[in-house]
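Trainee: Sequence order for the protein chains is A and B.
Per our numbering, residue 1 is the first one in the first sequence, and the count goes up by one each step.
Per our numbering, residue 1 is the first one in the second sequence, and the count goes up by one each step.
Don't read these hints as lab results, they were simulated from the structure.
Any given hint might turn out to be false.
What the hints assert, rightly or not - Partial pick of chain A residues on the chain B-facing surface, computed with a CB cut under 8 Å:
id, residue
1, Ser418
2, Tyr433
3, Pro467
To be verified - Chain B residues, not near chain A, derived (Cβ > 12 Å throughout):
id, residue
4, Asn34
5, Gln61
6, Glu68
7, Gly77
8, Ser109
9, Gly130
10, Val187
11, Thr211
12, Trp212
13, Leu293
14, Gly366
15, Ile398
Unchecked claim - Example chain A residues on the side facing chain B (calculated, C-beta under 8 Å, incomplete):
id, residue
16, Phe381
17, Ile386
18, Val408
19, Val415
20, Leu416
21, Leu426
22, Phe471
23, Ala475
Beta carbons are placed, not taken as given, at the ideal position from N, Cα and C, and that holds for glycine.
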Amino acid sequence: MPASFDPVPLLPQLVLTVAALVLLVLGAVRERARAAGIVTPLAILALLVAAALAGVLDRTPQTLLGGHFRFDAMAAFLEVLVFSGVAASLLLGASYVEDERIDRFELPLLALFAALGMSLMVSAESLLGLYMALELQSLPLYVMAAFHRDQLRSTEAGLKYFVLGALASGMLLYGCSLIYGFTGTLSFAALGQSFGPESPAGVPTGAVVGLVFVIAGLAFKLAAVPFHMWTPDVYEGAPTSVTAFLAAAPKVAAVGLTLRLLMGPMADWAGQWQQVVALVALASMVLGALAGLVQTNIKRLMAYSGIANVGFALVGVAAGTREGVEAALVYTAIYLAMTLGAFGCILAMRRQGSYVERIDELAGLSTRQPLLALALAIFMFSLAGIPPLAGFFGKYFVFLAAVKAGLVWLAIVGVLASVVAAYYYLRIVKLAYFDPPAEPFDLPTAPGLRLVTALAAILVAGLVFLPGPLFDAAAGAAASLGPPAPTERVR
Amino acid sequence: MSDWPLLSLTTFLPLVGVAFILFIRGESAIVAQNARAVALWTALATFALSLMIWANFDPAQGGYQLVEQAAWLEPLGIRYHMGVDGISLWLVLLSTLLTVVVIVGSWFSVTERVKEYMITFLIMDTLMVGTFCALDIVLFYVFFEGILIPMYLIIGIWGGPRRIYSAFKFFLYTLAGSVLFLVAIVVMAREAGTTSIPELTRHDFPVAMQTWLWLALFASFAVKVPMWPFHTWLPDAHVEAPTGGSVLLAGVLLKLGGYGFLRFSLPMLPEASAYFAPMVFALSVVAIVYTSLVALAQTDMKKLIAYSSVAHMGIVTIGCFTANALGLTGALVQMLSHGLVSAALFMVVGVVYDRIHSREIAAYGGLAERMPIYATIFMLFMLASVGLPGTSGFVGEILVIVGIFGITPESPAIPAAGSWVALFAATGMILGAAYMLWLYRRVIFGALEKSTLVGIKDLRPNEMLAFAPLLLLVLLMGVYPSLFTDPMAASIDRVLAEIGAVGPGRLALQLP
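With the rest of the complex left out, here is chain A (with noise of 0.2 Å):
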């Protein structure tokens, strides 16, 4: 380790895992049946902390951690992101994992570790950092998604996220392998500068496979398609309140590992990979707005609708310009405050102390609980791009990024797929408006769960009015991800 080590970039990562030991002893000392309800606020609480030190520290950026990580505006903006996107996510299950029975302490902590393995994957610029930190995200996951053990379709669940997790972090492997044995390099400002386009050089083949690997293991871990397939299965398994987080941050930490590996130091290889990424957001809009027109359950339509909205934001990816950065950063930022909305008025939706399921059983809510009807038609209407709320923007940007490189099949497609998915979106809103009352949800919801609804309801409708300070953001983010991309690059 270097003399000059400095750990203060490194603080919002060092108060999660001082935090999670910390945890980790104070769950295993205290009786089972008390552990959860302290681990859980102080799990919050330091992923708050950490939130909030991921956006005051000064981010000039630096190299640090044997030059595996990057810590930037970038980084720090993903941070924010992340962190906040995972402790409102434990805030909004906190209910459901109470009345499941399912409140052990360790799923905090493993939301924890996960939640550092996230902000690594936002810094990482090596092949190993990205690696580590995936894994590091990963390996909770699967625990998380099978911790309603007593149940089989949380075990399934849990299982084929893991077999099918596994095949993809080794395709993941054999790429980095790849690409490792045919440039020697794992840095990616190294791969960058020596094998890009212009460099004598040049990309070797051997790479070029290597990096279709790779980004085909980051699709699964995006549920791109092709790589989709576990999502609807997982979701609809694994215990709401888990899928509320798997829905959320790790998808936002994904875009972002995306982010650092294709458009930071080695911007210049778009020419290589530009039309796979265009291919697999367009697949996935389209199949992502056709498949949930005939779903029933309301966890697999939102496996879909990620399906979909993970499309669009590769949309951004896919401009491969510094605008199509933003645009994508935007784009995630948007989609995690309507996500998390979105599964907050599935987690209400429990009647007679179970919890329920199916689409219809949202008819008539807007007669017996208008406020919840109303953030629930926020969040579906904002899903579905339409303006004034908060997804229309996201579209717009992916949109305005994407025809500007060119790619404007790709937006005529995408704002196509839209439509389509705006059916099964507002199918949900004519259900709780329009259709005869069924019988009402129990009352009252958690204060934090109606808390998280409230406030991402507040975010996703109020967004019109003060978009500006969301944009600045992400282009700062997106300026510090390494040397300028020419705004049009390849067509």
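Given chain A's structure and the hints, the job is docking chain B onto it.
Mentor: Below, chain B without anything else, positioned relative to chain A:
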């Protein structure tokens, strides 16, 4: 007063009313009564503010007035940019007036979920005014597309038996058209480097690109207008929507298409507009004749009026694409006139629907006996719809028809084609007279034979109050049209200058 941000105040005042209504709590009857009152006062105040806009508007200037600018989405170069000209001024007034009319007209007839009803209509008010005032194309789109949300809820919650099908059809149909407009916006923003409407208008788009942009815009506006064959959502939406929803749908929402042609297609893409003008004329002529024939065959009153709307909007699209001062003025007057008359006709149907709960023409007959005031009001609006001289309907139609003949004074071959267009348009008007008069005869005249109609009551005071301003304006526009056309003149000249190189009156050069 003139340095106040009048347009923003007018746009966002209804949201203040919404906030008040949200906080009304208590017994449902009291909540309903208070929600009605708050909504009425808010809508009236908004209308008063829009009258202030008119008072502060200088008719001599052709440019945008009362302009407001503020930072909004700076990183994307999008600003909060509002302003009115002689074209949007009237549409703003129409929107705020019709909101008041809807609230007064549905005072007693809407009894379910009154609070939500008033909230959605006030939100509509904000979005409609915002759409007409926006001078940034993205801001315009935000308001324009945002209207779908309240309208979807209005049709779906308070609509008739097939409300769900109609609400989905309305939403998805218009959304599908609009998203292509969105792609066009993105392409234009990239090409011109700005999203400000005045600057986009000044930008010369390459002719090859104009074709695609024009078609994308057309997809959106043709659905909104609606033009044949994109009109199929309209009869469904109108028939199932509650009276208030139909009034705003016919009165204001259809105008968004015509406004879009005047504000975007013609001045920004003049060459493509010239190229496609014959197609627009052809579709409009088909719309006028075909939908008039369809209207003749209808047994449902609302459907009949919905089809007549398609025919009347055909006159508007013809007027827009004549691209001369007469035609544009006629299109605009026709939009205003149709906004008042069709809104009133839907309320006319709503009045008897509230009493008998049937929209079938066959369920009525001989209403003149029991409802003399109603019969009189119905007659006046029916005649305005037919285009009787002395009513607003006549002014718009005659201007457009004269405009068609004026398409190309310098080329002798063209007036022949123009006269074909005029001939078909006039045929449509004759058919219009046929179906409206026939409708009137079947509903109002004859003997009162149906037992259900025996106890029917004439108009309530609130209904008369709702009809009064519409009736006054229809007659005023009929006998003193220059009150309305004078403030338009300078702005229309500006639009013609923007069409520019292609030149006023020369758009239709491509006609056979």
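Trainee: It remains to establish, for every hint, whether it holds in the given structure.
Mentor: Tested hints:
Satisfaction of the interface hint for Ser418/A is found here, the shortest Cβ-Cβ separation to chain B being roughly 7 Å, below the 8 Å cut-off. Among the interface hints, the one on Tyr433/A holds; its C-beta lies about 6 Å from the nearest C-beta in chain B, closer than the 8 Å criterion. A hinted interface residue such as Pro467/A counts as satisfied when its beta carbon comes closer than 8 Å to some beta carbon of chain B; here the least separation is about 5 Å, so the hint holds. Listed as outside the interface, Asn34/B is consistent with that label: its C-beta sits roughly 16 Å from the nearest C-beta of chain A, beyond the 12 Å cut-off.
Interface exclusion of Gln61/B from chain A stands, the closest Cβ pair being 30 Å apart, more than 12 Å. For Glu68/B, the shortest C-beta to C-beta distance to chain A comes to about 15 Å, beyond the 12 Å cut-off, and the non-interface label holds. Against chain A, the non-interface label of Gly77/B is violated: not every CB pair exceeds 12 Å, the least being about 10 Å. Consistency note on Ser109/B: stated as away from chain A, and its beta-carbon is indeed over 12 Å from all of that chain's, at 19 Å minimum.
Against the 12 Å criterion, Gly130/B falls within the reach of chain A, whose nearest CB is about 9 Å from its own CB. The non-interface label for Val187/B is inconsistent with chain A: the shortest C-beta to C-beta separation is roughly 6 Å, within 12 Å. With 12 Å as the threshold on Cβ separation, the claim that Thr211/B sits away from chain A holds: the shortest Cβ distance comes to roughly 14 Å. Separation of Trp212/B from chain A is inadequate, the least Cβ-Cβ distance of about 9 Å not exceeding the 12 Å criterion.
In this structure Leu293/B is separated from chain A by more than 12 Å, as the shortest Cβ-Cβ distance comes to about 32 Å. A cut-off of 12 Å between C-beta atoms confirms that Gly366/B is not in contact with chain A; the least separation is 37 Å. The claim that Ile398/B is not at the interface with chain A holds, since no C-beta of that chain comes within 12 Å of its own (minimum 39 Å). Against a cut-off of 8 Å between C-beta atoms, the interface hint on Phe381/A holds, since the closest Cβ of chain B lies about 6 Å away.
With 8 Å as the threshold, the beta carbon of Ile386/A comes within range of chain B, its nearest partner Cβ sitting at about 6 Å, so the hint holds. Interface hint status for Val408/A: upheld, as the beta-carbon distance to the closest one in chain B is roughly 7 Å, under 8 Å. Here the hint on Val415/A is kept, as its CB sits about 4 Å from the closest CB of chain B, short of 8 Å. The closest approach between the C-beta of Leu416/A and any C-beta of chain B is roughly 7 Å, which is under the 8 Å cut-off, so the hint is satisfied.
At a threshold of 8 Å, the smallest CB-CB gap from Leu426/A to chain B is about 6 Å, leaving the interface hint in force. Hint status for Phe471/A: holds, given a least beta-carbon distance of 4 Å to chain B, under 8 Å. Interface restraint check for Ala475/A: the shortest CB-CB distance to chain B comes to about 5 Å, inside 8 Å, so the restraint holds.
Checked against the numbered hints given earlier, this structure breaks hints 7, 9, 10, 12; the rest are met.
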